[in-house]
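Which chain is which? The protein sequence lines are S and V, in order. Start counting the first sequence at 1; every next residue gets the next number (our numbering). Start counting the second sequence at 1001; every next residue gets the next number (our numbering).
The hints are simulated quantities; they were obtained by calculation from the structure and are not laboratory data. The structure presented is a predicted model; accordingly, all values stated were derived computationally and were not measured. All residues carry an ideal CB built from backbone N, CA and C; glycine is no exception. One or more of the hints may lead you astray.
Derived list of chain S stretches under chain V, where covered just means 3 residues or more per stretch with a C-beta under 8 Å from a C-beta of chain V [what the hints assert, rightly or not]:
#1 72 to 83
#2 139 to 149
#3 156 to 167
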Amino acid sequence: MDIGILNVVTYLPLLGAAFILFFLSDPRKIRYFATMVAAVDFGVSLFLWWYFDPTVGGDRIFQFRWTRDWIPSLGVKYDFGIDGIALLLILLTTFMGVIAIWSSFSAIDYRQKEYYVLLLLLQTGMIGTFCALDFFLFYVFWEVMLVPMYFIIGIWGGPRKLYAAIKFFLYTLAGSVLMLLSILALYFFNDGGIPFLHINGLGNGYSFSMLQYHNIGHLIPVSLQRWIFAGFFFGFAIKVPMFPFHTWLPDAHTEAPTAGSIILAAVLLKMGTYGFVRVALPILPQATLDWLPFIVGLSIVGIIYGALVTLVQKDMKKLIAYSSVSHLGFVMLGMFALNPMGIKGSVIQMINHGISTGALFLLVGIIYERRHSRMIADYGGLAKQMPMYATLFLIAALSSMGLPALNGFIGEFTILLGAANRNIWWAVFAAIGIVLGAAYLLWLYQRVFWGPLDNPANKNIRDLNRRELGLLVALVAVMVWIGIYPKPIFDLLDKPVEYVVQKVDPGYFNNLPAMHVAESK
Amino acid sequence: MTWNDVVFMLPEIILSIGASLLLIAPVIGWRLKEASAKWAILILLAITALSVVICSNVVEGLPQTVSYSAMFALDGFAIFFKLLFITAIAMIVLLSDDFLRESRYSAWEYYSLLGFALIGMMFMASGVHLASIYIGLELMSLSSYILTGFFKNEQKSTEAAMKYFVLGTVSSGILLYGISLIYGVTGSLNLLTIAKAMSTIITNDALMFGIMLLGAGLCFKIAAVPFHVWTPDVYEGAPTPIAAFLSTASKGAAVAIFARIFYVGLHDFQLDWSNILATISALSMILGNLAALTQDNVKRMLAYSSIGHAGYVLLGILSLNAMGLRGVLIYTLVYVFANLGIWATVLMLRRHEYAGERVDDFEGLHKRAPFWAFAMIIFLLSLGGIPPTAGFIGKYFLFAAAIQSGFGWLAIIAVLMSAVSMFFYFRIVVAMYLREGREAEVAITPALKLVAGVCLAVTLIFGILPAPLINQATESSSWVAARAAILTHAGR
Chain S
1 MDIGILNVVT YLPLLGAAFI LFFLSDPRKI RYFATMVAAV DFGVSLFLWW
51 YFDPTVGGDR IFQFRWTRDW IPSLGVKYDF GIDGIALLLI LLTTFMGVIA
101 IWSSFSAIDY RQKEYYVLLL LLQTGMIGTF CALDFFLFYV FWEVMLVPMY
151 FIIGIWGGPR KLYAAIKFFL YTLAGSVLML LSILALYFFN DGGIPFLHIN
201 GLGNGYSFSM LQYHNIGHLI PVSLQRWIFA GFFFGFAIKV PMFPFHTWLP
251 DAHTEAPTAG SIILAAVLLK MGTYGFVRVA LPILPQATLD WLPFIVGLSI
301 VGIIYGALVT LVQKDMKKLI AYSSVSHLGF VMLGMFALNP MGIKGSVIQM
351 INHGISTGAL FLLVGIIYER RHSRMIADYG GLAKQMPMYA TLFLIAALSS
401 MGLPALNGFI GEFTILLGAA NRNIWWAVFA AIGIVLGAAY LLWLYQRVFW
451 GPLDNPANKN IRDLNRRELG LLVALVAVMV WIGIYPKPIF DLLDKPVEYV
501 VQKVDPGYFN NLPAMHVAES K
Chain V
1001 MTWNDVVFML PEIILSIGAS LLLIAPVIGW RLKEASAKWA ILILLAITAL
1051 SVVICSNVVE GLPQTVSYSA MFALDGFAIF FKLLFITAIA MIVLLSDDFL
1101 RESRYSAWEY YSLLGFALIG MMFMASGVHL ASIYIGLELM SLSSYILTGF
1151 FKNEQKSTEA AMKYFVLGTV SSGILLYGIS LIYGVTGSLN LLTIAKAMST
1201 IITNDALMFG IMLLGAGLCF KIAAVPFHVW TPDVYEGAPT PIAAFLSTAS
1251 KGAAVAIFAR IFYVGLHDFQ LDWSNILATI SALSMILGNL AALTQDNVKR
1301 MLAYSSIGHA GYVLLGILSL NAMGLRGVLI YTLVYVFANL GIWATVLMLR
1351 RHEYAGERVD DFEGLHKRAP FWAFAMIIFL LSLGGIPPTA GFIGKYFLFA
1401 AAIQSGFGWL AIIAVLMSAV SMFFYFRIVV AMYLREGREA EVAITPALKL
1451 VAGVCLAVTL IFGILPAPLI NQATESSSWV AARAAILTHA GR
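Could you build the full structure based on these sequences and the hints that come with them?
Put into structure tokens, the structure is as follows:
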């Protein structure tokens, strides 16, 4: 019987969680078992990459398909399949999952069983969201992610954890229920129409298949497209988070435990951008163009405003949280350039942001464990006391600000190319963001690591231990690899991005007729 | 009256005899232990459920599904609700057991009253004639007034019963006046005849007024705004198992007749009443959920949340399509099980007369009873409509029905309010898991475990594999759907 490798990668963490719940009680064993499960899951996802064929384009772009009837009377299918974008994000999820779980060994010292169970459950929710090709299934996984994250913030978080947790939960839920309405509108349009907008449907019957909507999306009348886009926009923009929906993010990040912040920054925020590139762009091309000025405007405001707010933060974790707003603005800007370069850069930047910001949160978490303070003013001159820590922090910061030969540069550069291709002013604003990014990170580095080591509490601070070093070296290795040799990633993105551009802007490939014909087969 | 007629009503006949025996048994001097009352009623309920199944199979072979001068139907809709009500009453019996043992009141009387309420509800489920529906409604209501005030030495209980009785009878009067106006215009009380008469009427003020009064009376029974004011006080004052009864079974019965009357009898006038119901629905969702935000008493919080849920169910009724009708059936079932699960958990926390009622009482429940705390999360998520619980499937149908019938604005209010509702549902979760305060004291009896376990299983299974439930709802609603002239296209 074919159980589907995507099911394996999705449900393995869930099975691990169930095993921990029922059979393990010793915290030490639980920790190692959870890490093992996450590592095996990462192994399985590497296996996916190995067997993934990046040269296939067109409608067969979604590979490892596994389709079964789920609720036949509603046309709901259990439909799994991934393209290059989803594959990259799954790799990111499983990799950061290992990092997050491994990093929690010393940070979490109470209610450990529940903690690891929830983290593994969260992994299942996230991977499932990336695999789902059926809206109903997508929505189910989307909501499944919410509850574990709520508890991770709410139980193991900082002083204002209750406020941060419920704020995170309600913001995301409000967005996702509006997304549900848009899904329903698509669903009825495909079937019989939507009376109150006086729109006749296609009469195709009930279906939640994303791929079907990729093909019929352009048939939807523009007035309806705009409404549907609005629903999706709220669902995704809150998750990204785009300015002005970002206010939940600093609270959630600041209060969450380190691993929670890592997962939140690395993967959960990417759900929003993934949603745009998988759902909003290909299905609603005309509405995308209509909404474009608005979204690009918000992205640019997000880039600049996010960076300016980041500059004045006194709390390291909050600083990195706000920098996410700015970075995700880049991702959105690149995506809405609507050309292959911009979208590729956008996807690569999603990965980069996950790795770099994840690493920065980890670094802040490490020092917080030692000193129980995240205030920049409490530190200074750490470079003398913790040379290894200082070096790795520098690499992570440089990667985050986009220094050549590290991963951030590849993403930002590609995005700038794509944006400039569309409108040179977008690139100008984005470049201002990059300069500000260098400013806040270098200034942070200067205040924390240089200068005199004058706070007596920092005199005896230990440098990294072997576990922490291992985690950080793994992250840095990925940064350097993407920075120097990004070709494997670009290869994965070629066809999916072409697919998206073809749907959202069919005219783009008109000067390449041969390719166009090949694609439409 | 032929044998065939008896078959239609056999379950009700059995239940009437049984419930009467329960009432008189202690009076005529049989030496019966209080503890055996529970077994007597449970056996009676089992026999009734069995007879419903058997009779429905017999009726399936008969040429007609309506009997007694077209007053009483035994169609899929009726069977669905009858079985649901019997299950709900059985679970309420299990919830009541421990509660009654500590009080000094007669369990025999209590259970026979529950039995009579059930007879009324079964009549409501079957009624296709306004007279039979009204009689069933009154039987249920009168029994529940008494049950609300059953703890006659408790001031709160008596006060709640008095409020409920006075307001309830007024609303029954309004309902009856509406029925009389409809009778005056259409010349019949039979829903099918009313529908036929209505199809020839273009507009008629008296009829419209009658429909509005009828709707107002029904809205009182399902506790929709602005006819909701009694709900929090009555739920708070009533004995907890009776509050559970009022918020699940009794409400479900009112929803059943609401749907039956409007779908079968009044569907021709949809344009006239759907906007009024839409307003009521919007108000119920907004006010119910917002008012619940500030409640510290779990019973009051559930009362306000049930007002909100009345608003959701109205979505299914006012949209008048196959999606909505199925939504009403599915949602009622899902809501009954999730709510009974919550009430079971509330009763687990009871230490003496009125504890386990404040949100604070849930503090630290995850340490004392980890499994039941987890079950509580599932019930709350189900009420909030979060997948993969059954509540999501119910809400899905209702929202879809609203969009399909052109009430997009109402669907937007509905989804936003369900996000709001998660805030107060999660206050209980916060107390259970996130506050390291006192540890909840629990008294978990096997009966409570059974109820919560069944509710948990139903909520999770129908959340993950909803296909059987949906198919059953489609089948059960076919008779009503056909009479309501709903397009078959949408019924797929």
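Quick rundown of the hints versus the structure:
Using a Cβ-Cβ cut-off of 8 Å, 3 residues of the stretch 72 to 83 of chain S lie near chain V, which meets the minimum of three, so the contact claim holds. Only residues whose C-beta sits within less than 8 Å of a C-beta in chain V count toward coverage, and the stretch 139 to 149 of chain S has 6 of them, enough to reach three; the restraint holds. For the stretch 156 to 167 of chain S, the stated coverage by chain V is satisfied: 4 residues place a CB nearer than 8 Å to a CB of that chain, which reaches the threshold of 3.
In the structure shown, no violation is registered for any of the earlier numbered hints.
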